[in-house]
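Now for the letters of each chain:
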Amino acid sequence: MSTANWNKVGRLESIPVRGARRLCSLYFGRPVAVFRTGDDQIFALVDECPHKKGPLSEGIIAGDTVACPLHGMVIGLQDGVAVAPDEGAVKTVPVSVIEGEVYLHLPEPGAPG
Amino acid sequence: MTMERNPLMRLVVIGNGMAAMRTVEELLQRDGGALYSITVFGAEPHPNYNRIMLSCVLAGDKSFDETVINTREWYAQNGITLFSGDPVAAVDREAKTVTSQSGRVVAYDKLLIATGSRPLAPSIPGLGLPGVCAFRDINDVETMLEAARTKSRAVVIGGGLLGLEAAWGLKQRGMSVALVHLMPTLMERQLDVPAAQMLQKALDRRGISFFTSGQTESITGDGHVEGVQLGDGRYIPADLVVLAIGIRPNIDLAKAAGLQIGRGITVFDDMRTSDPAIFAVGECVEHRGQVFGLVAPLWDQAKVCASHLAGEATAAFASKALATSLKITGIDVFSAGALTAADPDDDEITLRDDARGIYKKVVLREGKLVGAVLYGDVTDGQWYLQLMRDKQDVSVWRERLVFGRAIAETGKPVGPDFAAMPDDTQICGCNGVSKGTICKAVREKNLTTLADVRAHTKASASCGQCTGQVEALLAFVTGGVKTAKKTICACTDQSHDEVRAAIVGKRLKTMAAVRAALGWKTPEGCQKCRPALNYYLLCAWPGEYVDDLRSRFVNERVHANIQKDGTYSVIPRMWGGVTTAAELRAIADVADKYAVPTVKVTGGQRIDLLGIKKDDLPSVWRDLNRAGMVSGHAYAKGLRTVKTCVGSEWCRFGTQDSTGLGIKLEKLCWGSWTPHKVKLAVSGCPRNCAEATIKDVGIVCVEGGFDIMIGGNGGIEVRVTDKLARVATEGEVLEITAAFLQMYREEAHYLERTAPWVARIGLEAIRRRVIDDRTERQALFDRFLYSQKFAQTDPWAERVAGSEAHEFAPLEEV
Ligand code: SRM
Ligand SMILES: Cc1cc2nc3c(=O)[nH]c(=O)nc-3n(C[C@H](O)[C@H](O)[C@H](O)COP(=O)(O)OP(=O)(O)OC[C@H]3O[C@@H](n4cnc5c(N)ncnc54)[C@H](O)[C@@H]3O)c2cc1C
Ligand code: SF4
Ligand code: FES
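Keeping their order, the protein sequence lines are chains D and R.
Everything in the first sequence is counted per full-length UniProt numbering, starting at 1 for the first residue and increasing by one.
Everything in the second sequence is counted per full-length UniProt numbering, starting at 1 for the first residue and increasing by one.
Wrong hints could be hidden among the right ones.
As the list claims (entries may be wrong) - With a cut-off of at most 27 Å between alpha-carbon atoms, the simulated DSSO-like pairs for lysine-lysine come out as follows:
1. K458(R) to K320(R)
2. K53(D) to K509(R)
3. K53(D) to K564(R)
Said to hold, decoys possible - Derived DEER-like restraints, expressed as beta-carbon distance ranges:
4. D782(R) to V83(D): 40 to 46 Å
5. R30(D) to T81(R): 22 to 28 Å
6. S96(D) to D782(R): 50 to 56 Å
7. V83(D) to G762(R): 35 to 41 Å
8. N446(R) to G29(D): 52 to 58 Å
9. L26(D) to G762(R): 53 to 59 Å
10. D592(R) to L26(D): 53 to 59 Å
11. R760(R) to V83(D): 30 to 36 Å
12. V83(D) to E366(R): 53 to 59 Å
13. G29(D) to E312(R): 47 to 53 Å
14. V83(D) to G103(R): 16 to 22 Å
15. E312(R) to L26(D): 51 to 57 Å
16. E312(R) to V83(D): 35 to 41 Å
17. E691(R) to S96(D): 54 to 60 Å
What the hints contain is simulated information worked out from the structure, not anything from laboratory work.
Where a beta carbon is used, it is the ideal one built from N, C-alpha and C, also for glycine.
Kindly generate the complete structure, drawing on both the sequences and the hints.
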């Protein structure tokens with residue numbers, strides 16, 4: 001079993017529809033963002049574009065993709081993988097929504113990646 | 001055969017460069033992944049990148065990431081082990097192992113050496129000084145870019161392809177550049193004297209100074225390079241010296257392993273070295289006495305080598321005639337084969353048109369083409385190259401040959417006649433891709449875009465000079481000149497104009513309504529159409545449509561400009577470029593209080609606070625608001641700046657109060673959303689110190705009136721304004737400017753600046769509606785004022801008051 005925990009980060013409504021918010025805490029030293037799609041699905045990704053670490057949380061979200069604000073690379077929210085012809089991927093962070101509360105599976109500080 | 005007994009043999013590759021990885025790619029295509037487990041050692045700490053493109057990285061036309069050919073994921077996906085940043089230090093042919101610098105020992109059944117070449121270093125004093133570099137790898141480029149950022153004077157030694165591209169790149173990066181060349185003319189091995197002179201003249205005009213016939217005696221400096229001393233006494237001060245005098249095959253490892261060596265590693269026609277278990281490809285090899293310095297022959301070597309590694313034993317490498325071209329934007333040079341007549345039986349035919357900057361020469365021997373040098377117009381280069389390779393008898397065309405294919409083969413249409421072109425005609429010289437290969441890929445794989453063709457055939461994927469031809473060929477195969485309709489994006493078959501017309505005509509007032517009425521293919525659009533629809537709706541229904549922040553680019557959503565590190569810049573409005581001590585003090589206080597790393601005067605006559613953290617934005621705005629400052633919309637597809645000059649208030653030449661008029665214009669227009677950004681300027685007299693004639697609207701004051709100029713742009717493609725009208729009063733200036741902007745707001749395509757829009761619809765169409773037809777002008781003006789009623793609220797003040805608060809605070813764990 002991993003030592004990681006499920007952490008509550010707030011209610012679904014605290015994230016704008018077709019929007020995202022960054023988390024205060026880091027994930028193995030890297031920022032994380034929680035995304036909410038038009039149909040209320042929630043995803044979490046490391047908030048660094050595979051291209052030049054652009055903050056994906058600031059991108060335009062359409063369907064289940066987000067377009068990086070810096071140079072426009074489009075990333076799938078489900079798997080963190082860039083939509084062809086772009087290449088690259090970011091880490092996804094497990095999320096679950098229970099009774100309107102959003103939980104993220106964040107490892108404990110110092111847990112190995 | 002051994003192959004059957006050893007289903008997975010071990011292939012070790014030394015060198016992670018262009019030739020090596022092309023060979024591996026070719027091998028994988030031949031199912032080599034099932035034959036071999038592959039291990040690659042690379043001295044450089046990067047994945048495999050396109051070395052050719054370093055020139056473009058230096059000149060700022062490409063980022064390093066765009067040059068990466070095989071990403072680390074690619075290696076992983078293909079089961080290849082990559083040790084980058086760990087050069088191989090020794091090969092033990094007895095034990096069949098290689099040992100890397102870090103001590104890894106890996107056994108091989110087959111070894112591929114592709115160590116490329118090393119820059120030649122002359123034996124002169126000062127070579128080791130900091131500030132001296134070569135031009136071979138990304139490390140060198142970084143050294144040069146760093147110098148360009150912090151220093152000013154560069155000297156490039158070597159006037160060949162590399163030296164010239166280095167000089168041009170450094171020039172593009174803002175350095176003053178001198179180029180020292182040993183010979184009297186540039187690129188003497190590729191260009192004859194007239195072509196070289198034309199090239200030098202063109203580069204001279206672009207600001208590079210040349211020191212030809214210059215023998216470098218020493219590089220001088222105390223602790224860092226300070227200059228270059230030439231043998232004839234000339235001295236050139238320098239903060240950076242780039243050596244590009246040639247390359248030498250990198251053979252050290254092969255030599256130590258006891259392989260047969262000439263100038264390079266000796267290889268036979270099957271790319272095997274003197275040890276049958278060891279292959280070599282690329283610039284490190286010597287084949288039948290020849291060494292290599294361009295990629296085209298390496299691709300052939302890669303094919304041959306891969307087919308032998310895959311056990312197809314018939315392929316043989318033979319070198320072909322090669323062509324050189326220069327990757328300097330706007331300078332076209334092509335050269336192949338002989339530069340001049342070698343003996344009295346050879347014929348040279350030249351064409352020279354100095355006015356058009358064109359020079360062409362062909363060299364004929366026994367009725368066949370043996371050389372071509374082109375300057376200024378290189379369209380026929382690949383055709384000449386093919387004629388040379390085919391050793392075709394061209395005597396029938398003799399006197400027309402130099403005019404190019406269209407004229408030589410009279411009766412045939414101008415431009416490449418793809419129908420008549422043989423399938424093996426080479427289109428892409430770098431990658432050796434023929435017409436046949438492209439046609440086949442397009443047909444079989446149903447390719448429709450240039451990007452597809454590049455992905456599948458590699459045609460035009462290296463230096464990019466044949467892009468036009470590849471596009472034309474694609475059009476030819478897919479059914480010719482059918483110009484595909486320009487739709488907003490892939491979500492719809494509708495054009496911008498059709499969508500705009502439907503929004504107004506069908507009274508569509510939400511994005512969902514537009515998508516439903518016009519048959520959108522995606523439920524909620526994409527990052528391209530959403531901002532466009534949002535703008536079109538906002539423009540059509542001011543006061544009714546609710547702006548969708550989630551369909552706006554981050555800058556417009558958070559009212560600040562995102563920077564490359566994710567921080568923001570804040571630019572308050574500075575009306576007409578005029579400020580006060582109190583405003584400056586407030587800006588200074590903000591800079592201190594929030595530890596703003598950079599405070600910069602912008603090109604738009606105001607002050608930029610750069611590097612502000614997102615969480616701090618509302619407080620920064622609050623402080624600026626308190627001093628009476630509002631958002632400068634430096635992020636908006638909307639009114640940006642109104643630049644002014646001092647005008648009649650102070651200037652001895654001023655004819656009108658240009659500053660005052662600028663402020664009036666800015667007060668009238670601020671806050672307005674437009675298809676793309678809009679910039680205005682007012683100059684007090686035709687000396688035009690506010691640069692009004694490259695603005696979307698520029699007013700040039702004259703004695704007794706004002707010239708209204710429109711459609712200018714100082715950006716990517718400079719366009720000088722057209723004169724719309726001369727009017728007598730400030731009132732008319734304000735009304736006509738607003739009417740013009742309203743017409744632009746209502747009719748242009750999203751992300752189309754006024755310059756291309758005016759060019760597209762024509763000045764007359766605008767003049768008719770905003771000058772000649774007074775009622776129409778009034779109506780446009782009224783609509784502009786109406787929409788401004790809703791637009792002129794300071795977005796910063798709104799957010800200081802608490803709107804969109806979640807935007808500026810991160811989520812916390814609870
Ligand atoms: C800050 C500033 C540079 C400076 O330090 O001086 C600047 C900064 C940027 N310019 Fe500019 N431009 C600035 C004046 C200009 C000017 C000069 C002027 O306005 O007189 C021009 C040429 C004039 C013109 O537009 O015709 C200019 C032509 C461009 C272009 C090319 C536009 C074109 O139509 O070709 C772009 C690219 C674009 O908009 O797509 C651009 C894009 C940008 C962007 C937005 C790049 C980006 O997408 O991030 C930069 C934003 C930096 C930031 O976050 O603050 N910037 N830019 C200037 C801001 C002026 C201001 O006070 O608001
Ligand atoms: C700036 C520039 C512009 C160019 N422009 C053009 C152009 O327009 N057209 C054209 O045709 N050609 C051009 N070239 C030439 C072209 O890039 C080369 O011909 C090509 O890269 C050679 O490929 P290669 O694999 O032989 O060598 P490389 O691409 O240099 O690869 C060799 C690799 O092996 C590595 N290596 C060396 N020793 C070891 C070791 N012991 N262990 C592990 N790794 C090792 C090196 O670090 C290097 O990464 C240009 C070159 C430069 C530098
Ligand atoms: S500020 Fe303008 S010119 Fe300068 S780097 Fe950015 S976009 Fe280019
Ligand atoms: S950082 Fe995301 S596209 Fe460049």
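Numbers of unmet hints, in rising order: Of the numbered hints given earlier, those the structure breaks are 2, 8, 10, 14, listed in rising order.
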